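Mind docking chain C on chain E? Use the hints.
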Amino acid sequence: MDVKGVKDTLSWLYYQYLLVTCSYVLEPWEQTIFNSFLFIIVAMVLYTAYVFIPIHVRLALKFFSGLGAGQPESTVAIMT
Amino acid sequence: MAAALRNGRAGWRERETGRPGPGLGAGAGPAERLHPAAPYKVKPTVEHHKKVFSETFEQPPIYVPVLTYMGYGIVTLFGYLRDFMRAWGLEKCHASQERKEQKDFVPLYQDFENFYKRNLYIRVRDNWNRPICSVPGPTFDLVERVSDDYNWTFRYTGRVIKDVINMGSYNYLGFAENKGESLNSVAEVTMMYGAGVCSTRQEMGNLDKHIQLESLVAQFLGVEAAMTFGMGFATNSMNIPALVGKGCLILSDELNHTSLILGARLSGATIRVFKHNNLQSLEKLLRDAVVNGQPRTHRPWKKILILVEGIYSMEGSMVRLPDIVDLKKKYKAYLYLDEAHSIGAVGPTGRGVVEYFSVDPRDIDVLMGTFTKSFGATGGYIAGKKELVDYLRAYSHSSVYAASMPPPIAEQIIRSLKCIMGLDGTTIGIERVRQLGVNARYFRQRLQELGFITYGNEDSPVVPLLLYMPGKVGAFARRMLKKNIGVVVVGFPATPIVESRARFCLSAAHTRQMLDTVLNVLDEMGDYLQFKYSRQSPGVRPEACDEPDFEIED
Numbered sequence: 001m002d003v004k005g006v007k008d009t010l011s012w013l014y015y016q017y018l019l020v021t022c023s024y025v026l027e028p029w030e031q032t033i034f035n036s037f038l039f040i041i042v043a044m045v046l047y048t049a050y051v052f053i054p055i056h057v058r059l060a061l062k063f064f065s066g067l068g069a070g071q072p073e074s075t076v077a078i079m080t
Numbered sequence: 081m082a083a084a085l086r087n088g089r090a091g092w093r094e095r096e097t098g099r100p101g102p103g104l105g106a107g108a109g110p111a112e113r114l115h116p117a118a119p120y121k122v123k124p125t126v127e128h129h130k131k132v133f134s135e136t137f138e139q140p141p142i143y144v145p146v147l148t149y150m151g152y153g154i155v156t157l158f159g160y161l162r163d164f165m166r167a168w169g170l171e172k173c174h175a176s177q178e179r180k181e182q183k184d185f186v187p188l189y190q191d192f193e194n195f196y197k198r199n200l201y202i203r204v205r206d207n208w209n210r211p212i213c214s215v216p217g218p219t220f221d222l223v224e225r226v227s228d229d230y231n232w233t234f235r236y237t238g239r240v241i242k243d244v245i246n247m248g249s250y251n252y253l254g255f256a257e258n259k260g261e262s263l264n265s266v267a268e269v270t271m272m273y274g275a276g277v278c279s280t281r282q283e284m285g286n287l288d289k290h291i292q293l294e295s296l297v298a299q300f301l302g303v304e305a306a307m308t309f310g311m312g313f314a315t316n317s318m319n320i321p322a323l324v325g326k327g328c329l330i331l332s333d334e335l336n337h338t339s340l341i342l343g344a345r346l347s348g349a350t351i352r353v354f355k356h357n358n359l360q361s362l363e364k365l366l367r368d369a370v371v372n373g374q375p376r377t378h379r380p381w382k383k384i385l386i387l388v389e390g391i392y393s394m395e396g397s398m399v400r401l402p403d404i405v406d407l408k409k410k411y412k413a414y415l416y417l418d419e420a421h422s423i424g425a426v427g428p429t430g431r432g433v434v435e436y437f438s439v440d441p442r443d444i445d446v447l448m449g450t451f452t453k454s455f456g457a458t459g460g461y462i463a464g465k466k467e468l469v470d471y472l473r474a475y476s477h478s479s480v481y482a483a484s485m486p487p488p489i490a491e492q493i494i495r496s497l498k499c500i501m502g503l504d505g506t507t508i509g510i511e512r513v514r515q516l517g518v519n520a521r522y523f524r525q526r527l528q529e530l531g532f533i534t535y536g537n538e539d540s541p542v543v544p545l546l547l548y549m550p551g552k553v554g555a556f557a558r559r560m561l562k563k564n565i566g567v568v569v570v571g572f573p574a575t576p577i578v579e580s581r582a583r584f585c586l587s588a589a590h591t592r593q594m595l596d597t598v599l600n601v602l603d604e605m606g607d608y609l610q611f612k613y614s615r616q617s618p619g620v621r622p623e624a625c626d627e628p629d630f631e632i633e634d
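Chain order of the listed sequences is E and C.
Per the numbering used here, the very first residue in the first sequence carries number 1; after that it's consecutive.
Per the numbering used here, the very first residue in the second sequence carries number 81; after that it's consecutive.
Next up, chain C with everything else stripped away, as it sits in the complex:
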């Protein structure tokens, strides 16, 4: 029998006809047992261009959006009641109000955003802007605050909630840390250069640290040159206007980040939006643009720029990069890839979606990213051909007017880049990248098995868990804090009105034990608050164990 087991196929047949094996229920057909839908044993990193691109955006049962709308309707009615009471002086108004002299002018606070803020957001706003008093590592400390008047004002009790598991910080590779020998170099640089730069890049703010950092970034990404900026948001909003202008066309994804939208609007180019990750929509727009040209004159567009992101942080989905690169080559457009969340977080060696899909970095015209997420610092970079970067050094608003990156931050990025690339002589970096991938896949798999609806690609470290109903959003965040887990919940303006969610950001610093704690709490809470809406059957999985379980007792 042991010999038969060593022979793979006979082994499987033995298992099927023999005992079912731990955890494999009688209901699982032979096909499912041979190719389990969600194997517990996490898949090793396979060749990524052969990997199946699997993203799910499951829809909940129909009663869920109906009840969500009903809930919003009820709160809106009470909002009208409260606004009426405030307007007629039956209740003191804590929100912003116009002065008596302004009452005859155009009303300032009557629009929907202000109504929503006064009557729904304030009621649950104790779940946001929570003050932190430690480094935002895998666990952190929160300052406790309470409200006596239903979240209009807060007061601090003086207590600190210690060791809250951090599921919200963008600490993908665990570089948000305050211990470690490599941090000594950051301290030395602070001693040598001071903390601030006090100038812009084009004046006196061009330090040798910046040159060192930029060459390291270019080496990391596999491109000719790179340029770094002091602020990630400003990298997008200040450089897109330098690259495109009037007479150019920008094709931007539906769910792009505000910095990309702001940059696109500031540039003055025409903006057309294509459906999220939908290549037919993009191709239709490209064909239309190439055939018809500019709106009235039909002259050809000066440039067509496609703006996409590597990982979309609200959905956890990844861009379909190889297909977009093919489209761009076919229609002679340019591609701007914003890898804010994916640099350092995906790919076998952490080089982002470009490596994940095995695309040549020379095919992407502008590679942009930020150092805020995986590198534990601030700032952003733009990388690509040397002529592009040299042009940006001269013409970007950021290099002319914005202060450049402070030296300690530059040193922090240099140290984390060296760690990831292995240039410091250790394997810590590559271990962290691998650990992040394992954590992400494990967490997503377990959430699927527990019956929650999650969005996004199975390899992305950003995991949105759908809650839908506004009441549950507030209750969930508060109960999780009571259980010492800090989560970020997102509601209406940032997400569609029906799809409120809790967004988990995994980290390489999370241990398996922390993830299991969080998953157990989520399991209980899913039953207590009833948000396990998934109708896909969870994969059959064996009992928790680390080795493959091939022994069969006689």
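Chain E extracted, bound-state conformation:
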């Protein structure tokens, strides 16, 4: 029974997506084009996130921790 509830909710959510993006008025082949276009863009965003976010986060942490540790030397250097 829970599967049916989940399926109903998903189909209601898909219907809301159709209404909000106004794909409801488009013909089926146009809806397919639009859905695939959106899916490709979302897939590319997710792939880019998967590949690049860990590297960027690590670099950012290194930058900030490096900055905090090296701070006393740099201010002394400037004053002298």
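Among the hints, a few may not be true.
[What the hints assert, rightly or not] Below, simulated SDA-like cross-link-like pairs (lysine to any residue); rule was C-alpha separation at most 20 Å, straight line:
(1) C:Lys466 to C:Gln282
(2) C:Lys563 to E:Glu30
(3) C:Lys562 to E:Gln16
(4) C:Lys563 to C:Val226
(5) C:Lys355 to C:Asp406
(6) C:Lys172 to E:Tyr17
(7) C:Lys498 to C:Leu342
(8) C:Lys612 to E:Tyr14
(9) C:Lys612 to E:Glu30
(10) C:Lys498 to C:Pro428
(11) C:Lys612 to E:Val20
(12) E:Lys7 to C:Leu609
(13) C:Lys612 to E:Leu18
(14) E:Lys7 to C:Gln610
(15) E:Lys7 to C:Asp607
(16) C:Lys612 to E:Leu13
(17) C:Lys382 to C:Asp403
(18) C:Lys612 to E:Tyr17
(19) C:Lys197 to C:Phe164
(20) C:Lys197 to E:Gln16
(21) C:Lys562 to E:Glu30
Source of the hints: derived by calculation from the structure; they are not laboratory data.
If you're wondering where the values come from, they're calculated on a predicted model, not measured in any experiment.
The following block gives chain C in isolation, referenced to the frame of chain E:
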């Protein structure tokens, strides 16, 4: 305790400290309980000049217009794609196209209106122009039609959808009916006079029925004289040119009907538009007009005519009549009031906004109205001083060139006017007027409580319910028809692009049961399609009951 209840104030205190009472939640503070924001029990008709003028035009949360624009953007992109395919022959073009020989001339179908029509309107146009095959009363029958090629062509399946609740016809007082003893007089008149008039008013088309009708209309409105015309739209567009001309100024409301705009343009007068129902804007224009006069010569304007409507049919709002009459007297302008939707529909005895605001009808220079809406007929009238009406009889284009009102229609209006005024000896008319007011207030109140955004004055029988997104407009109309309710949805050219709406026109013939059916369906659909955008808290209301519920069990 019973004695304390009979004493009003102690009774309220008892209720507050005692049980909360059905439906009054713990969250409601004492102020709200004493003066509930939206009492379920419909207010009786109070003195209208003391009544608070309450109109709301609530704005939705910001994501709604953003998503609406996004939706229109997506459909526009697909529109460009389809137009490209049609232009390069990848798809057959069902819309109007130029012929091969015309391709080198100025393009005919490239403007935005045609683009919009081809690519958005046609996709959802099965919700308009639906053929009806019965009298448009509170319920009606629709001819079923389906489309095989996405609304480019339709075919009739042969079935008839019966007993669809009619929430779209302008049947305010329920005179669109085909049963009733008083209809016999209409049949008799048809037998006696025939169906057509075959002449204009100034030639052979001036019947005794017209004279009888006009004196009745003048008596109904409380003015000296009235003149009737065969078509409501033509009443405006043909008579404004007779009243004003070059060298006159017309101040017209932003949201005036096309007939008023057409009449104003045909007259050749200068037209200036003031913001909808906004008296500061109107006063500024009046002062500017009186001080500066005509554009280059600075001569004074020959006439200044203010064009307003009683109820604006797309917004459901009412004109602020007493203030406009004061302004007009101060600046010596003339007032033309178009009561197409308000005559018969508002006011304690159905005499329109003039009665609703308790304004003297002699203060309004030209009273215009139509018989299409509350009287179940066709045609329009212009009423006012006798000299005005006599002038129009001679100089109006409509009386010289247009055929006059057919006799059966005149008799239908006479019978409905007699019913409303009570001259036929029954109280049916006044009951209907009262019932319409009750229906209108109940429906609006319940819609507010359910969480929908509606526009307009709380007493007007025209209720626009905002849907905003174009996808929802099509889905809403189709689903409502599946549930056997016929609604009118309005979209872009008639309304601003963001504010598409469904417009409900209430009728005195709607029973409380029909309204409850419609409201329950709307409630479900509001949750399913998600258009309950109102952020105002619904009024606290007790459970549905007819009597005031003052008993307290011990």
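Okay, the hints, checked on the actual structure:
Proposed proximity of lysine 466 of chain C and glutamine 282 of chain C is supported: the alpha carbons are some 18 Å apart, at most 20 Å. For the hint pairing lysine 563 of chain C with glutamate 30 of chain E, the CA-to-CA distance comes to about 28 Å; that exceeds 20 Å, so the pair is violated. About 19 Å separates the Cα atoms of lysine 562 of chain C and glutamine 16 of chain E, which keeps this hinted pair within 20 Å; it holds. A threshold of 20 Å between alpha carbons decides the hint, and for lysine 563 of chain C with valine 226 of chain C the separation of about 17 Å falls inside it, so the pair holds.
This hinted pair checks out: lysine 355 of chain C and aspartate 406 of chain C have alpha carbons roughly 18 Å apart, not beyond 20 Å. Simply put, lysine 172 of chain C and tyrosine 17 of chain E have alpha-carbon atoms about 30 Å apart, too far for the 20 Å limit, and the pair is violated. Straight-line distance between C-alpha atoms of lysine 498 of chain C and leucine 342 of chain C comes to about 33 Å, which puts the hinted pair past the 20 Å bound. Distance check on the hinted pair: lysine 612 of chain C and tyrosine 14 of chain E sit about 19 Å apart at the alpha-carbon level, within 20 Å; holds.
Straight-line distance between C-alpha atoms of lysine 612 of chain C and glutamate 30 of chain E comes to about 29 Å, which puts the hinted pair past the 20 Å bound. About 16 Å separates the Cα atoms of lysine 498 of chain C and proline 428 of chain C, which keeps this hinted pair within 20 Å; it holds. Using a Cα cut-off of 20 Å, the hinted pair lysine 612 of chain C and valine 20 of chain E holds, with the two alpha carbons roughly 14 Å apart. This hinted pair checks out: lysine 7 of chain E and leucine 609 of chain C have alpha carbons roughly 17 Å apart, not beyond 20 Å.
Simply put, lysine 612 of chain C and leucine 18 of chain E have alpha-carbon atoms about 18 Å apart, close enough for the 20 Å limit, and the pair holds. Distance restraint check for lysine 7 of chain E and glutamine 610 of chain C: the Cα-Cα separation of roughly 19 Å lies within the 20 Å cut-off, and the hinted pair is therefore satisfied. A threshold of 20 Å between alpha carbons decides the hint, and for lysine 7 of chain E with aspartate 607 of chain C the separation of about 18 Å falls inside it, so the pair holds. With a C-alpha separation of about 17 Å, the suggested pair lysine 612 of chain C and leucine 13 of chain E falls inside the 20 Å cut-off, and the hint holds.
Between lysine 382 of chain C and aspartate 403 of chain C the CA atoms are separated by roughly 23 Å; this puts the pair beyond 20 Å, and the hint is violated. For a cut-off of 20 Å, the pair hint linking lysine 612 of chain C to tyrosine 17 of chain E stands: about 17 Å separates their Cα positions. Distance check on the hinted pair: lysine 197 of chain C and phenylalanine 164 of chain C sit about 16 Å apart at the alpha-carbon level, within 20 Å; holds. Of the pairs offered as hints, the one joining lysine 197 of chain C and glutamine 16 of chain E is violated, with about 25 Å between alpha carbons and a cut-off of 20 Å exceeded.
At most 20 Å may separate the alpha-carbon atoms for a hinted pair to count; lysine 562 of chain C and glutamate 30 of chain E exceed this at roughly 25 Å.
In terms of the numbered hints stated before, the structure departs from hints 2, 6, 7, 9, 17, 20 and 21, listed from lowest to highest.
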